[in-house]
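Could you put together the complete structure from these sequences and hints?
Just so we're aligned: the sequence shown equals residues 0 to 147 in numbering that gives the first Met the number 0.
Be aware that one or more of the hints could be misleading.
The calculated DSSO-like cross-link candidates involving lysine-lysine, where the alpha carbons are at most 27 Å apart (straight line), are [stated by the list, open to error]:
1. 126 with 110
2. 126 with 54
3. 104 with 54
4. 104 with 126
5. 111 with 54
6. 110 with 54
7. 119 with 104
8. 126 with 111
Here are the simulated distance ranges between beta carbons [what the hints assert, rightly or not]:
9. 126 with 93: 16 to 24 Å
10. 1 with 44: 35 to 43 Å
11. 85 with 46: 46 to 54 Å
12. 107 with 135: 19 to 27 Å
13. 89 with 119: 30 to 38 Å
14. 119 with 1: 46 to 54 Å
No lab work stands behind these hints: they were computed from the structure. Since we're looking at a predicted model, the values are computed, not measured. Note that the Cβ used here is the ideal one computed from N, Cα and C, for glycine as well.
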Amino acid sequence: MEFLAEYYLWIKAIHIMAIISWMAGLFYLPRLYVYHSGVPVGSDQDILFQTMEHKLLRVIMNPAMIVAWIFGLLLMITPGLEAYQFGWFHAKFAAILGMTWFHMKCAGWRKKFARGENEKTDGYFRKMNEVPTVLMIIIVIMVIVRPF
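As structure tokens, this is what we get:
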């Protein structure tokens, strides 16, 4: 455990970089779905969107989410940083679980597009595109302001 305290700033830096990458993907993938939802199944555009969505999710978002979780958990168990005993931390953690749920939801939508089974409209995805923004606002306020 002393290792965690010694490398706290490195762990925190990696955690923040992973969050930035994960959030970029969570902001962009639903936007791709907005445009993809109006494209005929099997068209060249459909194939292009599928490729973009697959690579964004598998190459950027999934690894970033995993690294964010691992390094976030390491921060959580760092000696002397018992943040988990405060209310703000519980609210932040609930929002992180929501972010993870949304990530999984995005992965499910990608699979439906890949099978040609998407039934959602561009308007639906425009609304869903706001979910990570709301969760990000909650998380940042909880971490920086610590209102309770």
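Okay, residue 85 versus residue 46 on CB: inside 46 to 54 Å? holds, 49 Å
Take the C-alpha atoms of residue 119 and residue 104, compute the straight-line distance between them, and say whether it is at most 27 Å. holds, 13 Å
Given the hint of 35 to 43 Å, is the C-beta distance from residue 1 to residue 44 inside that range or not? Violated: the Cβ-Cβ distance is about 54 Å, outside 35 to 43 Å.
Straight-line Cα separation of residue 126 and residue 54 no greater than 27 Å? holds, 23 Å
Residue 111 and residue 54: Cα distance at most 27 Å? holds, 16 Å
Taking 16 to 24 Å as the stated bounds, is the beta-carbon spacing between residue 126 and residue 93 within them? Taking Cβ atoms as reference, residue 126 and residue 93 lie about 21 Å apart, which means the hint holds.
Starting from residue 126, check that the Cα of residue 111 is at most 27 Å away, please. holds, 18 Å
Can you tell me whether the CB distance of residue 89 to residue 119 sits inside 30 to 38 Å? Holds, at about 32 Å.
Given the proposed pairing of residue 110 with residue 54, does the C-alpha separation stay at or below 27 Å? holds, 13 Å
Is the hinted pair residue 104 and residue 126 satisfied, with a Cα-Cα distance of at most 27 Å? Within the cut-off at roughly 14 Å; holds.
Is 19 to 27 Å right for how far apart the beta carbons of residue 107 and residue 135 are? holds, 21 Å
For the pair supplied as a hint, residue 104 and residue 54, confirm whether the alpha-carbon distance does not exceed 27 Å. holds, 16 Å
Violated hint for the displayed structure: number 10, the only one.
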